[in-house]
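Peer 1: Residues per chain, in single letters:
There are 2 protein chains.
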Amino acid sequence: MPKPKPRNAFYAQSGGVTAVINASAAGVIQTARRYRTRIGKVYAGRNGIIGALTEDLIDTSKESARAITQLRYTPAGAFGSCRYKLKGLEESRAQYERLLEVFRAHDIGYFFYNGGNDSADTCLKVAQIAEKMDYPLQAVHVPKTVDNDLAVTDNCPGFGSVAKYVATSMREAAFDVASMAKTSTKVFVLEVMGRNAGWITAAVGMADSADTPIPIVLLFPEVPFDEAKFTALVDAKVKEWGYCCVGVSEGLRGADGKLMAEAGTKDAFGHAQLGGIGPQIAGLVKERLGYKYHWAVADYLQRAARHLASKTDVLQSYAVGKAAVEMALAGGNAVMPAITRVSDRPYRWKITEASLTKVANVEKKLPRDFITRDGYGITAKARAYLGPLMVGEDPPPFKDGLPRYERLKNVAVAKKLDTPFEV
Amino acid sequence: MPKPKPRNAFYAQSGGVTAVINASAAGVIQTARRYRTRIGKVYAGRNGIIGALTEDLIDTSKESARAITQLRYTPAGAFGSCRYKLKGLEESRAQYERLLEVFRAHDIGYFFYNGGNDSADTCLKVAQIAEKMDYPLQAVHVPKTVDNDLAVTDNCPGFGSVAKYVATSMREAAFDVASMAKTSTKVFVLEVMGRNAGWITAAVGMADSADTPIPIVLLFPEVPFDEAKFTALVDAKVKEWGYCCVGVSEGLRGADGKLMAEAGTKDAFGHAQLGGIGPQIAGLVKERLGYKYHWAVADYLQRAARHLASKTDVLQSYAVGKAAVEMALAGGNAVMPAITRVSDRPYRWKITEASLTKVANVEKKLPRDFITRDGYGITAKARAYLGPLMVGEDPPPFKDGLPRYERLKNVAVAKKLDTPFEV
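Just so you know, the sequences run in chain order L and G.
Heads up: take any position in the first sequence, counting from 1, add 637, and you land on the working numbering.
Heads up: take any position in the second sequence, counting from 1, add 637, and you land on the working numbering.
Just to be clear, a hint being listed does not mean it is correct.
Pairs count within a copy or across copies, as identical chains cannot be separated in the list.
As a list, the in silico EDC-like pairs of lysine to aspartate or glutamate whose alpha-carbon atoms are at most 20 Å apart [claimed, not checked]:
hint	residue 1	residue 2
1	Lys995	Asp893
2	Lys1053	Asp696
3	Lys876	Glu864
4	Lys819	Asp872
5	Lys769	Glu738
6	Lys1036	Asp981
7	Lys866	Asp696
8	Lys724	Glu1000
9	Lys1036	Asp848
10	Lys1046	Asp845
11	Lys1053	Glu963
12	Lys724	Asp696
13	Lys769	Glu1030
14	Lys819	Asp755
15	Lys923	Asp1037
16	Lys948	Asp1037
17	Lys876	Asp893
18	Lys929	Glu899
19	Lys1046	Asp791
20	Lys948	Glu1030
21	Lys722	Glu738
22	Lys1046	Asp848
23	Lys1018	Asp1037
24	Lys722	Glu1059
25	Lys995	Asp755
26	Lys642	Glu1059
27	Lys866	Glu1000
28	Lys948	Asp1031
In short, the hints are calculated from the structure, not lab data.
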């Protein structure tokens, strides 16, 4: 029997990027390069799945080994990402068929899709339609999301670094406001990401620890905002400590269930574009309690802060990229490498295979027992979960005082179809 | 002739704190400890100069050598700071006399005041009134301000670290927005500190370098805002690069000279409390150009970010603390250790003695030739100045994934006067 010819792989980054998604890209590319008899070239989608739909593929074989290694230290999406959601198989039939047309033209036998809930769903549907159309394909999802809301996996690559960033930032700001509180700022408000799940908000609470106690009030998206209870709590903390820190989720909701910071615009997924609850909460403190405040909105800074990435997160991000290739080579299809926690102390983890049917479109919220009974803090259980994800430093190389991040050549693959496709 | 008895020193932190002001404190305390025959104890003011006025002194001799060494790695004011301005000698006579009363009661022979323009003025006035009242005192100002607006000194301790933070943050956010720009965010706005002088705004421009080009538009407090020119420039950058980054000073002013983000509240110095121009500028971009935006306001995060401090800044902060003690021992009075630049490449600097009469109440603005002719960027001259200040990393120790910062015992000195004083 003749040996099968190696087939090419297609890798794409989806949705909001992270400080470590490129570590997953490095894991995919470096691992594929070790299996040259099985995998030909790794093509990447320019600007995510749109690159596949428009046949705008990047040939990663044109990048040096050094450049791919440097990806491990580079934040954001090296090939570009996109917010472009493929819907149901019927509704988006033209897109799915076009994907397979492009895959066939470039002999793509492996599809690695690096994203969150939405892209897990897309990955699953691509696997289904390929099977239905008798197109041989191994479709593997590579988990990524700062929101930490994917099912099955214990945690999501990208989250540990945001957790480390927001906890460090809150601790630093707390030292600042504590210094100033006698005559000036008494309340500091930090707004963080996390649309529907309070994982990042919970991480802010890690700034407070047994050896560095800090008064922190957390406003989770899971806990409807109660103005009277909140202001009373802040007032009590200021009276006891002289100052108070507040961590608030961009997705804070009122008792009516409505987002308190609705900016009025929506992203391509139909989600509301948020931002601005931090200053609102600060203004409320001033109005109700009269305390001088400062507020910060970290926004992209929190998810792009590769300079402060968690080493655990970097290692896991790389590991899921590597495992995705190995799973595909082992015949895995419509699956995702999940991180499984073996133990908290010492922290041990391993990669296991999860079926995408259990991951797609499921949103894992912060468990109620991670939030203290009063609704404004984190429990010991939350601390045991969050702690290990933030451990370890893995600084990028610095040049002239600034992190030196990699920019790839991103050489285009010659088009074989060259037929237009509107996205 | 009998040897003179050692006299005590008083050290206080003033105004907004920085990531490295405690390195100056460590410089003062460690150096004083090496001259025990000349300097008795170093007392610190609890919450700055207010601690002296209310006779609330901290005995730093109760702190271990290890704790003082750790101060070098700890952001914010370890003894507390305050915003409390002493006015003219006539207007604030009661305060100045009270200061000397407390100094006399505790045999303070050395006064080290760690702050910006306002505290340089206070330090000078304390020297003057001590002389007038025949109280023997060496009053030395220790420079500190993230605003980098002190005269005589080439740069101010605290600034280099903020510069490194804002440039790193903008570079990281730029990589993020570049990844997303195809279908989502095209304009990212970062609001930074710097009330009247655009030094920090200029530092944002360092995110863009020859080997990492980034389209950045800067809005300096020195350049009146011109909506039409600004939006046209952002539009051109988006059309050329696919995205655009904007760094805006909290102190941006309109053509009428008025602050564009006047929050309506004022601090104890009578300065307006700012914040909020970032979202305003982002909203304007959306309204005029229709581009999707994100914005961040770093606020205290930028000046407290010890995890990303500039090593040059840490070394200089320590050096001015050490030099202040040495100057005082050499008989210096009403002076300040200034940083003098010897050369740009290689960067070399030394400490020189500056008269406080040349420093007090003078505000050093960003030179016009540091700003490009169009008013939206920085020149090669600015780069040559800013570059060396950001160089080098000096990370704090980490524990459990977070920086471990020092909290001192801050043991109170027994009161000798115990007379009330209202501040």
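Peer 1: Give the relationship of Lys724 and Asp696 under a CA distance limit of 20 Å: within one copy only, between copies only, both, or neither.
Peer 2: Neither. Shortest intra-copy (28 Å) and inter-copy (67 Å) distances fail the 20 Å Cα cut-off.
Peer 1: Measure nothing new, just compare the shortest in-copy and cross-copy C-alpha distances for Lys1053 and Asp696 to 20 Å and report within, between, both or neither.
Peer 2: within (14 Å within a copy, 77 Å between copies)
Peer 1: Is it within, between, both, or neither for Lys769 and Glu738, if the alpha carbons may be no more than 20 Å apart?
Peer 2: within (14 Å within a copy, 90 Å between copies)
Peer 1: Since the copies are identical, ignore which copy is meant and state whether Lys722 and Glu738 lie within 20 Å (CA to CA) inside a copy, between copies, both or neither.
Peer 2: within (19 Å within a copy, 72 Å between copies)
Peer 1: At most 20 Å between CA atoms: does that hold for Lys1046 and Asp791 within a copy, between copies, both, or neither?
Peer 2: neither (35 Å within a copy, 40 Å between copies)
Peer 1: Check Lys948 against Glu1030 for me: Cα-Cα at most 20 Å, and say if that holds within a copy, between copies, both or neither.
Peer 2: both (5 Å within a copy, 18 Å between copies)
Peer 1: Give the relationship of Lys769 and Glu1030 under a CA distance limit of 20 Å: within one copy only, between copies only, both, or neither.
Peer 2: The answer is neither: 46 Å in one copy and 55 Å across copies each exceed 20 Å.
Peer 1: Is it within, between, both or neither when you check Lys866 against Glu1000 at 20 Å Cα-Cα?
Peer 2: For Lys866 and Glu1000, the Cα distance exceeds 20 Å both inside one copy (28 Å) and across copies (45 Å).
Peer 1: State whether the alpha carbon distance between Lys1036 and Asp981 is at most 20 Å within one copy, between copies, both, or neither.
Peer 2: between (37 Å within a copy, 16 Å between copies)
Peer 1: For the identical chains here, do Lys722 and Glu1059 meet the 20 Å Cα criterion within one copy, between copies, both, or neither?
Peer 2: Only inside one copy: Lys722 and Glu1059 sit 14 Å apart there, 64 Å across copies, limit 20 Å.
Peer 1: Within, between, both or neither: how does the pair Lys642, Glu1059 come out at a Cα-Cα threshold of 20 Å?
Peer 2: neither (33 Å within a copy, 86 Å between copies)
Peer 1: Measure nothing new, just compare the shortest in-copy and cross-copy C-alpha distances for Lys923 and Asp1037 to 20 Å and report within, between, both or neither.
Peer 2: Classified as neither; 42 Å inside a copy, 34 Å across copies.
Violated hints for the displayed structure, listed by number in ascending order: 1, 7, 11, 12, 13, 15, 17, 19, 26 and 27.
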